[in-house]
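My request is simple: use the sequences and hints to build the entire structure.
Counting from 1, position 98 in the sequence shown corresponds to residue 163 in the numbering used here; the numbering is continuous, with no gaps.
A couple of the hints might just be wrong.
Derived DSSO-like pairs (lysine-lysine); straight-line CA-CA distance at most 30 Å [as the list claims (entries may be wrong)]:
| hint | residue 1 | residue 2 |
| --- | --- | --- |
| 1 | Lys281 | Lys102 |
| 2 | Lys281 | Lys253 |
| 3 | Lys218 | Lys102 |
| 4 | Lys146 | Lys218 |
| 5 | Lys171 | Lys205 |
| 6 | Lys102 | Lys171 |
| 7 | Lys68 | Lys281 |
| 8 | Lys274 | Lys297 |
| 9 | Lys204 | Lys146 |
| 10 | Lys204 | Lys102 |
| 11 | Lys128 | Lys102 |
| 12 | Lys102 | Lys300 |
| 13 | Lys300 | Lys190 |
| 14 | Lys297 | Lys281 |
| 15 | Lys68 | Lys297 |
| 16 | Lys297 | Lys253 |
| 17 | Lys68 | Lys128 |
No lab work stands behind these hints, which were simulated from the structure alone.
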Amino acid sequence: MIKTELKEFLDEKAALYNNPNFIESDPIQIPHGFSLKEDIEIAGFLTATIAWGNRKMIINNSKRMMDLMGNSPYDFVMNHKDYHLENLETFVHRTFNGNDFKTFIKALQNLYQNHGGLETFFTNKQEDLSMQPAISAFKKYFFEVDHLQRTTKHISDPMQGSAAKRINMYLRWMVRQDNNGVDFGLWKNISATALSCPLDVHSGNVARKLGLLTRKQNDAKALLELDTELRKLDKNDPVKYDFALFGLGVFEGF
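Below, the structure is given as structure tokens:
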């Protein structure tokens, strides 16, 4: 497929899946249940954190997370007492357990109290064409609070070779702005040009079949290769092609 044909094909598929019907079967529905900015960004962050495995299970367990916080995530993060955290101990999603959940609440509280919150942190740490150094810095600051070593695995570090799929997906949700009603476009001071495509088994396999990716592992080097190719197709909004790659892989078995 020549480049112009590839761009037309992927633009068409991106438009097909970047619509509100997509929300019904996607974890992004969880933050869409809120209207307060801080609720949206915290609900989105926690949902993205557990977004691996069966999608129905991800959605159900994300809803349970919200229920355990009284469906007011920002208020819970900022005003919880120790006994409120005890209610979180029963939570489990694959390897993310109640102790991890409690640590994440404390870490988010510290982030909002001492670092200006999620948007301010990522805005201040961004670079022109990459959010990967900001993600690496985020992991360091996030775990300023007391934590078990095991909990740190739930935030990836691109500087340690990870593709950081879940947090790149989260940044897409918060930053990308269009009129399609899927991504939120809440964070106005980060450019979509700096975003990276959430790279997982589905998007990676489709990207290889389309000649956008040659590296076999889904790691930080593969992400850089994929980002470079997608920016050639649309330098202003490269991660819109996440909709195309994901839709082709999950819904069409491409």
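*Which of the stated hints cannot be reconciled with the structure, identified by number in ascending sequence?*
Of the numbered hints, 1, 2, 17 do not hold.
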